[in-house]
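Trainee: Sequence:
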Amino acid sequence: MGKIPCSFCRSSSRRRRKKAAQSSLSPLPQPPPQTGICSPPINNNGSGLVGGGGGGAMGKVKKKAGGARLWMRLDRWGQTELIEWDKSAIIRRAAIPARDLRILGPIFSQSSNILAREKAMVVSLEFIKAIVTAEEVLLLDPLCQEVIPFVDKLRKLLAKMSSSQVENDVNVSRGGKQLPVSEAVDEQYELPFEFQVLEIALEVVCIYLDSTVKDLERDAYPVLDELAMNVSTKNLERVRSLKSNLTRILARVQKVRDEIEHLLDDNEDMGQLYLTRKWMQNQQSDASLGVVASNSTTATVPHLRRLSSTRSGSAVTSNLSDDNDVEDLEMLLEAYFMQLDGTRNRILSVREYIDDTEDYVNIQLDSQRNELIQFQLTLTIASFAIAVETLIAGLFGMNIPCILYETNGIFEYFVGGASAGCLLIFLLIFGYARWKKLLGS
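First residue of the sequence shown: 0, per numbering that gives the first Met the number 0; consecutive thereafter.
These are computed hints drawn from the structure, not numbers from a lab.
Check each hint, because a few of them may be wrong.
[Said to hold, decoys possible] With a cut-off of at most 27 Å between alpha-carbon atoms, the simulated DSSO-like pairs for lysine-lysine come out as follows:
id: 1; residue 1: Lys86; residue 2: Lys254
id: 2; residue 1: Lys254; residue 2: Lys152
id: 3; residue 1: Lys254; residue 2: Lys213
id: 4; residue 1: Lys213; residue 2: Lys233
id: 5; residue 1: Lys277; residue 2: Lys152
id: 6; residue 1: Lys159; residue 2: Lys213
id: 7; residue 1: Lys118; residue 2: Lys152
id: 8; residue 1: Lys118; residue 2: Lys254
In this text the structure is predicted, and so the values were computed from the model without any measurement.
Construct the complete structure from the given sequences, taking the supplied hints into account.
Mentor: Below, the structure is given as structure tokens:
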């Protein structure tokens, strides 16, 4: 009994030392779990960065969370990144409602929409799914085979814009001056950044649809000519497949054309697409508020110079005074509307050729059907004449007393006369059918 208090003291002292050791180690920070990849520079929302830098450096990344999709970020200064973002990250970055992301999803893969939002433009044209702001482009699924030409053209455009902007900034830093608006209008890149991206998207889509229509025309005309010469099950099946493909292509072209036509009919929607103008107006309003707060006029000169240096050689400032000025966008949309209208007319021409070929084939089939009916009518008349002669032969084949049975040498004359009478009946009925135009001449 005397040993129990000592053992209890030793065990309690050990527990106190263990608790003290744990309390002394608890403030140390735990190292982050190793995931096997580098932490991305922008990863405040569960997203992962793949690569960055000008020239389009790209890499690979694991998905950080369920529902994340591959996006490519291209800004107006030529920087390119491959990023995996989820819907919430895109909504926070582009400031768009969640319903707009449904348009970019696989459910609406063949839809065509151009939506204007407060700070972004949602573009869904065939395979191009992008969110365009005044400073950057967020492109969905950039590694698809159809999207690669769009990415290449956009990189070339951004590289030229970046180089021209660097030269302009160097000129300003050396004491030179910015290009005036009259000279900026003469530059190649006179449209705002978002319109240049939209123009490239429309160009790539129009080229893709035009090449699709060319393939359709190349396959359609030989198949239709072959069907006109030889109506067979194989040729009919090929024409059926051709018509299905034509209907599908026509619907795709019609969707893009209708979306452009919808924008052209509404100047307010076109005005909302001027993201750069709204962005610059917000910047200038912020600058004005800063000037009023600081009550200093000297700080406004470098600030406005910095704002003008981000114009990328465009003539956007000429449109700042009038929010309803949509002439540039209207001319841009009208050009591609006419191109899509021409593509649509070519598809309609192919469909008219298909309809003409079907009409020709139906005429051929009707002609053959008429020939069969005439042949059947001729056989019916001949069968009637033969049936009359068979009836006469059957009557004389009965055991009925008749004087003609006892007459010698009358058999040949009787059979010949009956046959001649039946032939006469056939000719009379046949002539009547020809007279009534029931048989061809």
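Trainee: Hint by hint, say whether it matches the structure.
Mentor: Hints and how they fare:
1. Between the alpha carbons of Lys86 and Lys254 the distance comes to roughly 26 Å, so the proposed pair stays at or under 27 Å and holds.
2. This hinted pair checks out: Lys254 and Lys152 have alpha carbons roughly 24 Å apart, not beyond 27 Å.
3. With a C-alpha separation of about 19 Å, the suggested pairing of Lys254 with Lys213 holds against the 27 Å cut-off.
4. Between the alpha carbons of Lys213 and Lys233 the distance comes to roughly 23 Å, so the proposed pair stays at or under 27 Å and holds.
5. Annotation: proposed proximity of Lys277 to Lys152 holds, straight-line Cα distance about 26 Å (limit 27 Å).
6. Between the alpha carbons of Lys159 and Lys213 the distance comes to roughly 32 Å, so the proposed pair goes past 27 Å and is violated.
7. Proposed proximity of Lys118 and Lys152 is supported: the alpha carbons are some 24 Å apart, at most 27 Å.
8. Of the pairs offered as hints, the one joining Lys118 and Lys254 holds, with about 25 Å between alpha carbons and a cut-off of 27 Å not exceeded.
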